[in-house]
Amino acid sequence: MSETAIIVENLGKRYRIGARQERHDSFAEAFTSALLSPFRRLRNLRQPVPRDETLWALRNVSFQVEPGEVLGIIGRNGAGKSTLLKLLSRITEPTEGRIKMRGRLGSLLEVGTGFHPELTGRENVYLNGTILGMRRDEIDRKFDQIISFSGIEKFLDTPVKRYSSGMYVRLAFAVAAHLEPEILVVDEVLAVGDAEFQRKCLGKMGEVAREGRTILFVSHSMPAIKSLCTRAILLDHGQLLMDDEVEKVVTTYLKSEDAVKGDGSIPENAARINNGQGWLRRVGLYDGAAQAISQIFLGQDFCVSLIYDIKDLIEEAAVEVGISTLDGLRVATVCSLDDCGAPLKLAPGVHELRVAIEVTMLPGEYTLDVFLHNLSTNTTVDWVDRTFQFTALNLSEVGEDHYHWGRVRGFVRPKSSWQAPIVCNSSK
Amino acid sequence: MDTSHQRALPTITVEPTSGFAAINLRELWHYRDLLFFLVWRDISVRYKQTVLGAVWVVLQPFLTMVIFTFIFGRLANMPSEGAPYPIFFFSALVPWQYFSSTLNNSANSLVNNANLISKVYFPRLLIPLSSLFPTLVDWAISFLVMLGLLFFYRFGLTWNALWLPAFLLLLMTTVLGVGLWFSALNIHYRDVRYVVPFITQFGMFVSPVVYPSSVLPERWRAVYAANPMVGVIEGFRWALLGKAALPGREIFISTAVALLLLLGGLFYFRRAERHFADIV
Chain U
1 MSETAIIVEN LGKRYRIGAR QERHDSFAEA FTSALLSPFR RLRNLRQPVP RDETLWALRN
61 VSFQVEPGEV LGIIGRNGAG KSTLLKLLSR ITEPTEGRIK MRGRLGSLLE VGTGFHPELT
121 GRENVYLNGT ILGMRRDEID RKFDQIISFS GIEKFLDTPV KRYSSGMYVR LAFAVAAHLE
181 PEILVVDEVL AVGDAEFQRK CLGKMGEVAR EGRTILFVSH SMPAIKSLCT RAILLDHGQL
241 LMDDEVEKVV TTYLKSEDAV KGDGSIPENA ARINNGQGWL RRVGLYDGAA QAISQIFLGQ
301 DFCVSLIYDI KDLIEEAAVE VGISTLDGLR VATVCSLDDC GAPLKLAPGV HELRVAIEVT
361 MLPGEYTLDV FLHNLSTNTT VDWVDRTFQF TALNLSEVGE DHYHWGRVRG FVRPKSSWQA
421 PIVCNSSK
Chain R
1 MDTSHQRALP TITVEPTSGF AAINLRELWH YRDLLFFLVW RDISVRYKQT VLGAVWVVLQ
61 PFLTMVIFTF IFGRLANMPS EGAPYPIFFF SALVPWQYFS STLNNSANSL VNNANLISKV
121 YFPRLLIPLS SLFPTLVDWA ISFLVMLGLL FFYRFGLTWN ALWLPAFLLL LMTTVLGVGL
181 WFSALNIHYR DVRYVVPFIT QFGMFVSPVV YPSSVLPERW RAVYAANPMV GVIEGFRWAL
241 LGKAALPGRE IFISTAVALL LLLGGLFYFR RAERHFADIV
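Sequence order for the protein chains is U and R.
Mapping to our numbering: the first sequence position 5 is 5, numbers consecutive.
Mapping to our numbering: the second sequence position 95 is 95, numbers consecutive.
Be aware that one or more of the hints could be misleading.
Label pairs and their calculated CB-CB ranges [what the hints assert, rightly or not]: (1) V55/R x R98/U: 50 to 58 Å; (2) T54/U x V55/R: 52 to 60 Å; (3) P10/R x H404/U: 19 to 27 Å; (4) L162/R x E96/U: 50 to 58 Å; (5) E268/U x Y268/R: 47 to 55 Å.
A partial selection of chain R residues facing chain U, derived with a Cβ cut-off under 8 Å [to be verified]: (6) L9; (7) I12; (8) S44; (9) F72; (10) N115; (11) S118; (12) V120; (13) F122; (14) R274; (15) A277.
I should point out that these hints are in silico values taken from the structure, not numbers from a laboratory.
Glycine is no exception: its CB is placed at the ideal position from the N, C-alpha and C atoms.
All chains should be built: construct the whole structure from the sequences, respecting the hints.
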C-alpha cells in the first residue's frame with residue numbers, strides 16, 4: 001500500500017490577540033486617543049507580549065490521513081478548523097509541531113482568490129490557475145475542460161465584473177477543481193452557488209477521491225460531511241476531541257451541540273440569548289400519564305414542561321416552543337399566544353409551564369427550541385435552541401400503526417380521513 | 001495511481017522556522033508563470049478606465065521636464081555639464097521616475113495583495129518582485145522619449161550606451177532592495193505609506209536629478225554615493241550623454257550599497273514572511 005498522505009504531529013498555533021481596545025464614547029475622546037496612539041504603540045513595541053494576550057487557536061493536534069481518504073473536519077466556530085486548514089495549506093506557519101505531506105496540496109479556502117474584476121474570464125482562468133500553483137502549459141491543456149465545467153463559454157471574453165455572482169463562483173470552482181493536486185483542502189465552498197452547481201461540485205469531489213487523491217473537507221453541513229467523508233475529526237477549542245468513523249463523529253458533534261444535560265437541566269452557560277430577567281432551568285417531556293419520557297410513540301400526544309426561574313416581574317410574556325430536526329430545520333412551532341391566548345404574567349420565582357402538543361411527529365430525531373419573550377418591552381428574555389432531544393418512534397403505543405418502510409419523508413403527519421373507494425366507471 | 005507516480009511525489013514538511021530562512025530558488029522557478037501573470041495583470045489593468053490611457057506615460061515625464069527645465073534650468077541656472085538642460089534633466093528623470101513609481105508600488109504590494117496572502121500559499125517574494133516589471137513599460141516609453149529628445153538636440157549616442165542594461169539592472173536591484181524592506185515593514189507598520197511618498201519627493205533632491213554631482217565638494221562625493229540612486233543616475237547620464245568621464249568610484253559605492261540593501265531586504269523579508277498572513 002502507498003505511503004501516508006498527511007502526517008500531523010503535535011500541531012499548535014498561537015495567535016497574538018490584540019490588547020483590549022478602549023471604547024470611545026465621544027468624537028473628542030476618539031480624537032485624543034488617536035493623537036496619543038503613536039506613544040502607546042511605541043511603548044508597546046518594547047514590552048513583551050503578556051500571556052493573556054495570546055491564544056492557542058490549535059494545540060496538540062495529531063492525526064494521519066491515507067491517500068484516497070476523504071476526511072471531514074468538524075467543529076463549531078472558533079474550534080480551530082480554519083487555522084488547521086491555513087497551516088495545512090502553508091498560508092501561515094505553525095508555532096509548534098509539524099506536518100508532513102506527500103504530493104501537491106491545493107486549497108479551496110475561498111474560490112476565486114485573486115480574480116481581478118477588470119480581467120476577462122479567460123484571463124482570470126490563467127491568473128487564478130497560476131496562483132493556485134498550476135503551470136501555464138497545464139492550464140492550456142485543461143482550458144477547454146475548465147470552461148465546459150463552468151458553463152460560461154459565452155462570456156469567456158467578458159470582464160468578470162459583469163458576471164453574476166453565480167457565474168463567478170462557477171468559473172472559480174472550475175479552475176480550482178482542475179488543479180488535480182494529490183491533496184485537496186475544501187472549506188465551505190459549497191455554501192455558494194445554486195443547488196445544481198453544488199451537486200456538480202460534490203460530484204467532482206467524489207470523482208477526485210475515487211482517483212486516489214486525498215481530500216480534507218470542512219463544512220457545517222452534516223449531510224454533506226456524511227455523504228462525502230469516510231472518516232472525520234472533531235475539533236473543539238483548538239483540541240482534537242475525536243478521530244473516528246464519520247457517523248460516530250457527526251453524532252458526537254450534534255450531541256455536544258445540545259444545550260441540555262442528561263436530566264434535562266440547562267446550565268446557565270449554555271449557548272443562549274438572555275437579558276437577565278429570567279432563565280430556563282429545565283425542559284422535560286411527559287406523556288399523558290405525566291411520566292417523563294424521551295421518546296414518543298407514533299401518534300402519541302405529549303406535553304412539554306418548562307421550568308423558568310424568573311428574576312424580574314414580567315407583566316406580559318409569551319413563550320414559544322419549536323420542534324426542530326437535529327440539523328436545525330424548524331418543523332413546527334407553538335406559542336402561548338396561539339389562537340388569541342392571553343399574555344402570561346410571570347412574577348419573580350420558579351415557575352413550571354406545561355404545554356400539551358397535539359401533533360403526530362414522523363419517525364426521527366428532534367429537539368426543542370424554547371423562547372421566552374417580554375411583550376411589554378418587546379425584548380427576548382431567554383432563548384435557547386436544542387434544549388431537549390427526543391426520538392419519534394416508528395411504532396404506535398397501542399395497536400399496529402407503523403410505517404412499513406424504513407424511512408418516511410417529512411416531519412409531521414396531519415390528520416387525514418380517507419374515504420372508501422368509490423367506483424367511478426365500472427369496466428365491463 | 002501507479003507506483004512510479006507515487007514515488008515521484010514530493011514530500012513537503014511544514015514546521016515552525018526560526019531565524020533567517022534561505023531562499024527557495026527551485027520553488028521560485030516553479031512559480032515563474034505566476035510571476036508572469038501577476039505582471040501581466042498589473043499591466044493590463046493599469047490604464048483601464050482612463051481616457052488618455054498610455055498617453056499619460058509620455059505626458060507625465062514630458063511635462064515634468066518642461067516645468068523643471070523652466071525652474072532649474074532657466075530661473076536657477078543650474079549647471080548641466082555642457083548638455084542642454086532638458087536632456088540633462090531627462091536623462092536622470094528616466095531612472096528616477098522608474099524608481100519612485102516602482103518603489104511606491106512595491107512598498108504597497110503586499111498590503112494590496114492581502115487577499116492573496118491570506119488565502120493561498122505561494123512564495124511571497126513574487127509579490128514585490130512582480131512590482132518591478134509593470135513600470136518597466138513606462139520606463140521603456142520614457143526612454144524612447146529620451147531618444148527623441150537626443151535626436152531633437154542633435155545629441156548622438158556614444159558607445160557608452162552599451163552600458164545601459166547594466167545600469168538598468170543596478171536600478172532594479174536598488175528598487176527591489178528598498179522595496180523588500182518597505183513591503184515587509186508595511187505589513188506591521190502602515191506608517192510606510194507615509195514614508196515612501198516623502199522619500200520619493202525628498203530623495204529627488206539628495207540625488208543628482210536637477211543638478212550634477214559635480215556641484216558637491218569632492219570630499220563629500222563618496223558619502224553622497226551611499227545613496228544608491230546617485231550611482232544609478234550618474235551611470236545613466238554617462239551612458240546617455242557620454243560627456244563626462246565615467247564616475248567609477250560613485251558607481252562602485254552605490255552598487256555595493258544597493259547589493260547590501262538587497263541582501264538585507266531578502267533576509268528581513270524571509271524572516272517577516274511567516275507572519276504576513278496572521279497580521280495583514
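The hints, checked one at a time:
1. V55/R x R98/U: 50 to 58 Å: This hint holds: roughly 55 Å between Cβ atoms.
2. T54/U x V55/R: 52 to 60 Å: The hint (52 to 60 Å, Cβ to Cβ) holds, given that T54/U and V55/R are roughly 53 Å apart.
3. P10/R x H404/U: 19 to 27 Å: violated (56 Å)
4. L162/R x E96/U: 50 to 58 Å: Holds, since L162/R and E96/U (Cβ atoms, about 55 Å apart) stay within the stated range.
5. E268/U x Y268/R: 47 to 55 Å: 51 Å Cβ-Cβ, so the 47 to 55 Å window holds.
6. L9: holds (4 Å)
7. I12: With Cβ-Cβ at 5 Å, under 8 Å, it holds.
8. S44: Holds, about 7 Å.
9. F72: violated (36 Å)
10. N115: Where the cut-off is 8 Å and the nearest Cβ of chain U is about 7 Å from N115/R, the hint holds.
11. S118: Interface hint status for S118/R: holds (7 Å vs cutoff 8 Å).
12. V120: holds (5 Å)
13. F122: Cβ of F122/R sits 7 Å from chain U, so the hint holds.
14. R274: Cβ of R274/R sits 4 Å from chain U, so the hint holds.
15. A277: holds (4 Å)
Taken one by one, the earlier hints fail for this structure at numbers 3, 9, listed in ascending order.
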